[in-house]
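Number of protein chains: 4
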Amino acid sequence: MSFRLPTYLHPDFKKPPFDAAPEVVFKGVEHTGVAPLNYHATSIYPEYFHMGKGEWRLLRETRMDCVVTREKNGSLVVKEFRHLKPGDQVACGRAEDGVEGIFVNSDPFGAEADDARGFAFRTRITRETSFSIDYDQLYDLLDHERKKGSILWVLGPAVVFDRDARNAFALLVRRGYVHAMLAGNALAVHDVEASLFGTALGQEVYSKQAAPLGHYHHLDAINRIREVGSIEKGVFDGTVSTGVMRALIKKNVPYVLAGSIRDDGPLPGVIADVYTAQDQMRALACRATTVIALATQLHAIATGNMVPCYQVTEDNSVRPVFFYIVDMSEFAVNKLANRGSLSARSILTNVQDFVVTLERGLRKRVS
Amino acid sequence: MSFRLPTYLHPDFKKPPFDAAPEVVFKGVEHTGVAPLNYHATSIYPEYFHMGKGEWRLLRETRMDCVVTREKNGSLVVKEFRHLKPGDQVACGRAEDGVEGIFVNSDPFGAEADDARGFAFRTRITRETSFSIDYDQLYDLLDHERKKGSILWVLGPAVVFDRDARNAFALLVRRGYVHAMLAGNALAVHDVEASLFGTALGQEVYSKQAAPLGHYHHLDAINRIREVGSIEKGVFDGTVSTGVMRALIKKNVPYVLAGSIRDDGPLPGVIADVYTAQDQMRALACRATTVIALATQLHAIATGNMVPCYQVTEDNSVRPVFFYIVDMSEFAVNKLANRGSLSARSILTNVQDFVVTLERGLRKRVS
Amino acid sequence: MSFRLPTYLHPDFKKPPFDAAPEVVFKGVEHTGVAPLNYHATSIYPEYFHMGKGEWRLLRETRMDCVVTREKNGSLVVKEFRHLKPGDQVACGRAEDGVEGIFVNSDPFGAEADDARGFAFRTRITRETSFSIDYDQLYDLLDHERKKGSILWVLGPAVVFDRDARNAFALLVRRGYVHAMLAGNALAVHDVEASLFGTALGQEVYSKQAAPLGHYHHLDAINRIREVGSIEKGVFDGTVSTGVMRALIKKNVPYVLAGSIRDDGPLPGVIADVYTAQDQMRALACRATTVIALATQLHAIATGNMVPCYQVTEDNSVRPVFFYIVDMSEFAVNKLANRGSLSARSILTNVQDFVVTLERGLRKRVS
Amino acid sequence: MSFRLPTYLHPDFKKPPFDAAPEVVFKGVEHTGVAPLNYHATSIYPEYFHMGKGEWRLLRETRMDCVVTREKNGSLVVKEFRHLKPGDQVACGRAEDGVEGIFVNSDPFGAEADDARGFAFRTRITRETSFSIDYDQLYDLLDHERKKGSILWVLGPAVVFDRDARNAFALLVRRGYVHAMLAGNALAVHDVEASLFGTALGQEVYSKQAAPLGHYHHLDAINRIREVGSIEKGVFDGTVSTGVMRALIKKNVPYVLAGSIRDDGPLPGVIADVYTAQDQMRALACRATTVIALATQLHAIATGNMVPCYQVTEDNSVRPVFFYIVDMSEFAVNKLANRGSLSARSILTNVQDFVVTLERGLRKRVS
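Protein chains in written order, with our numbering: chain A, 1 to 367; chain B, 1 to 367; chain C, 1 to 367; chain D, 1 to 367.
Where hints are given, some of them may not hold.
Example chain D residues on the side facing chain A (calculated, C-beta under 8 Å, incomplete) [said to hold, decoys possible]:
{"hint": "1", "residue": "70"}
{"hint": "2", "residue": "72"}
{"hint": "3", "residue": "126"}
{"hint": "4", "residue": "331"}
{"hint": "5", "residue": "334"}
Rather than coming from a laboratory, the hints here were simulated on the basis of the structure. From the three backbone atoms N, C-alpha and C, an ideal C-beta is built for every residue, glycine too.
Start from the sequences, fold in the hints, and give me the full structure.
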């Protein structure tokens, strides 16, 4: 296979200005959840902290908009403000070029080839941008990641609103292309509704016919699972006999269902506290080497906030994290870019087509 | 003023089939949070329950997708599934026409005049639909509601991303056009950021210039308020000297800031548990006589789920609840309609223009 | 195969009010291009004109927003206002129910089954509406139409901006699924550009790389074809060796390239006069039994205006014309609906995915 | 007033590489409408051609994607390919830096201040970008241009679909803020329909009520004007008593109504040949110092193709041409950017609000 990971550009800390840079300064937290003045906030990029004597330590399991604490065992931890406790030692300094002992490596894998001389059309991604190549690259990437990486999917409910897309995603799970899943209550509700009644919000997922009293279906699905006790129990007792949740549970794929104010129910297992949900999402996100977000602005941006642009592998090499967002709207894509999640690649299409096409393309590889 | 509320069409329960209808059946809850089989789910419409002897009782403070319990004092309460406790008596029956003792009055205020004979163009609301009249009706409506109703605003952060829109909304608060506000962490964060730094996500709210190190601003704003202890304290000690949050707090307007997985921080006062947040949102929503949702799909749909199409006033008359959604996207509007919140009126425009125009139009009235 | 055309509901003209209806009145045109007062305007529906003695004549090759003239040979012709000449006899009357001798059959094939009792979610088509079934129905429909109907495609340039979509569409042409094509200058320009340079607007259609001096490519493509004399000559002399235009020309599929004010060039063969272009488009449109419009608002609406909802077949039976619009935007779809082209079915996705998926699905049938 | 035009950065042709640059080469056209090999294509930027002896001549009245001919009188003319005649002398060379005698000044007015150090959020214009400042800048700009410049408006029909927006635009015309107007048949049709019937496509422009038989209104409006002979005659005989077209005609503001394949009618005066229409549009566009395109992708892109980023004033100084596009869709804005019309500023809102707000803001200035 032609797939090859790009090479990480290691900074040379023996050169100026690094060789003369001071140690990074840590200051103590005084009030719970409040960082000291001049705290350093993390980015999506590899960041190095000068711990003294020329040791520049790379952050692991980082994410943007957090602070860095030095733990008692000397390790550096990337922490949300809300987790700060009095006495925590927080790295300070806002210069990103090393002069305060902090270096943000904002070009970690080299700029992409850019041969646009002078003037070029079509510098922005729109619905008219071609994406055959994105599929082909994804086939290669996902085949690589299935064995050697960790693929995190972030799903909006549209994935289970359509019969073929729902089946295709369940197949991707079964074939090992899904290492973790993040979603909300609605994804699980309508997936269970489809299993119990063949509908989503009362509309049949294939024929689109409105079912009689179909507006009860999602409530009946929730009520049924609440009675059974959990989605897991529903899967194992046969109540939930098809779909995405069943595939995940059967395959022991970890997932987080984060609650939102839009929820009915909720289903058992949905996390009511959004910051607890963030913590659990991050626990999955910080292992991911590829993230694919499908038709969900809320969860895509939440995940984009948590995922750095790199991952340190077991053999201590640094590799990129690939982040794809698939959505119908230029706005969603631009909004993610405006949050600073600059490394996301966008595919502007309907996720129903995307999932079905992706599954078909990967299937050919396997067989 | 020309404003007049439409008249409620009271059902005549002395006529068939109501006169021969049975009492509604209540069944006991067995498991916490689980409704009995054949439970009745509420809608946005006025619903009547036959309590016996010809007494058809109208629900108050209802919302869709809940169940109805008969409390020990005999009152009927509209309850989310998650609040059900063993022994609760839940109304059962899915027929909506009275034959099971439940009547859903799905045409409470008469169909709007519809003179489309045979064939008509332009039956759907799009960005090309005129809306001069919507402004004029809103001026009348809001002037009426300011004194005699309760206006609930649901805000997306775009309202505070622009200087003039932010100022205009603060003026609406001060002039009494805002009786309650629902939003998320981001609205408050960027409003406070604008007060402290003049920016939103680091971009100046008037000049659009990127401020130096501006990507620290929203974190600095959160950190500062966490240090102060609350937004309220920040307002009263002068830290927060301008903006929407200040106007609300100064005027004692109740608000709910609901957490989401997208949040940085969060600010003190943001509710982490989304179902607690729902409860508090509903406590405000069930008083509302007019709801206006601006540029937020998440909060607009959440609120749409909670707001019925009618309100029972102090003198026991039934009046409509007006629900406006202002957004840039036909999708957002259609999505709300597809959830069953059918009575929403849509205005397709940028909320920055909407808020500024509305404030200006209302100001003329007052002066 | 399971495909079956729905049955036409023939009106019974022996019943009231038809049996007592007067003959339709014709009035003479006085000024070129001006219809007489009270002219009747056509719709997309089957319309019958009472010619006397109980003969109700059905319009053929009709379109909306035209008038009906009685020619010297007695035939009825549906004519654009701009083609009216002094002396033309124009049918008058605006009642659609027969009382003026004109009957508009606005429910020609029976309402679709609609079992929505009382209340239903999801009555509008959005990006979240499932469409697996649309593909399956299209496979059946297109297989039927390939042999027994006439499939008219209306193409926006996005179809040729992507390598795989461009190849897939060319395959559809070669396999006989394309009986006629309507498009603009841009479709042909970028198709030829892709053949000559592998780019569209200077961006490679597979790799998305910006080609050096790529902004010259579309001009060079136009200039080259102008030098050669026509796209046809370019195809036959080997200048244009791949793509959609080549496939059409090789297969003798008729097409219209209509000019617009946005054009560079134009290519030879593009029709500069838009009303001449309309006439030529209509000549193809009035034979169509299925129309599929891909990612072009301008051409989709223009074609929608020209295509009635029915076709009279050679054996004088009446069958429906199927009209699909595939687009990314709810707005485009609603806009078509608001023009009165009510019978269009919408698929909200990226046409690149649509064309590739459709070709793959149809290929399986054949093999 | 604070308005000041930015200063043009004149290239210094005495410096390298200009001082050693050859004369630009001209080659003769052999076939009508076909440029010679290696022709130079124009851009939106100021371009200079070395005519010999150190004379670098600046193009006037240029537009992108054309060629440059040396006329018999020695002048340079920017010409569309379709206007080339055998013998025409066309400038050749594709280097833009002067080494072939052609210099494209792609930074004519200095880069805008860009203080984004390192990393910044919000680099893209979306619906959440603030635009108070755009209004204020437009008030200053339009007041300046009313007297000292030339303001070209490009209108989509949405401007006349709403009563208040239609009235506001007519006021802008009357007050001198409109020096020329480009639109299509639909703008004029619905403007006349509003004057005759108070509707647009049959829907009342204020109340939104569907008028009885309202789908006849636009046809009746067209038919009436065709009978009268022209929109101008309709204005002067009182047939057309309100609206945008009346205001333009009364004020002698030149306009072009370009035909499209979507047209009904057309109205007299609509130009059927799109390339003739382009020529007439360009005749107005090449005088413009500010262009404002409202809710029309077709006409906005067509005009964007014709308008350079600068204008040479009577006193031979070089000033920028300001180009605003107001639309609901990020796609429309990105599409214009992808065509190379890079200097456009975008405002993402509904043009109904935009026009009403603009008129109100400008009115205050005058009074």
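Worksheet entry | Hinted contact residue 331 of chain D with chain A - closest CB pair below 8 Å | With Cβ-Cβ at 5 Å, under 8 Å, it holds.
Discussion item. Would the hint on residue 72 of chain D be counted as holding, given a Cβ-Cβ threshold of 8 Å to chain A?
Written reply: Hint on residue 72 of chain D: violated, closest Cβ of chain A at ~31 Å, above 8 Å.
Worksheet entry | Interface hint for residue 334 of chain D, Cβ within 8 Å of any Cβ on chain A | This interface hint holds because 5 Å falls under the 8 Å limit.
Fill in: Closest C-beta approach of residue 126 of chain D to chain A relative to 8 Å, hint status
holds (5 Å)
Worksheet entry | Status of the hint placing residue 70 of chain D at chain A (closest C-beta pair under 8 Å) | Check failed: Cβ of residue 70 of chain D comes no nearer than 24 Å to chain A, outside 8 Å.
Violation of the numbered hints given earlier is confined to hints 1 and 2; the remaining hints are satisfied by the structure.
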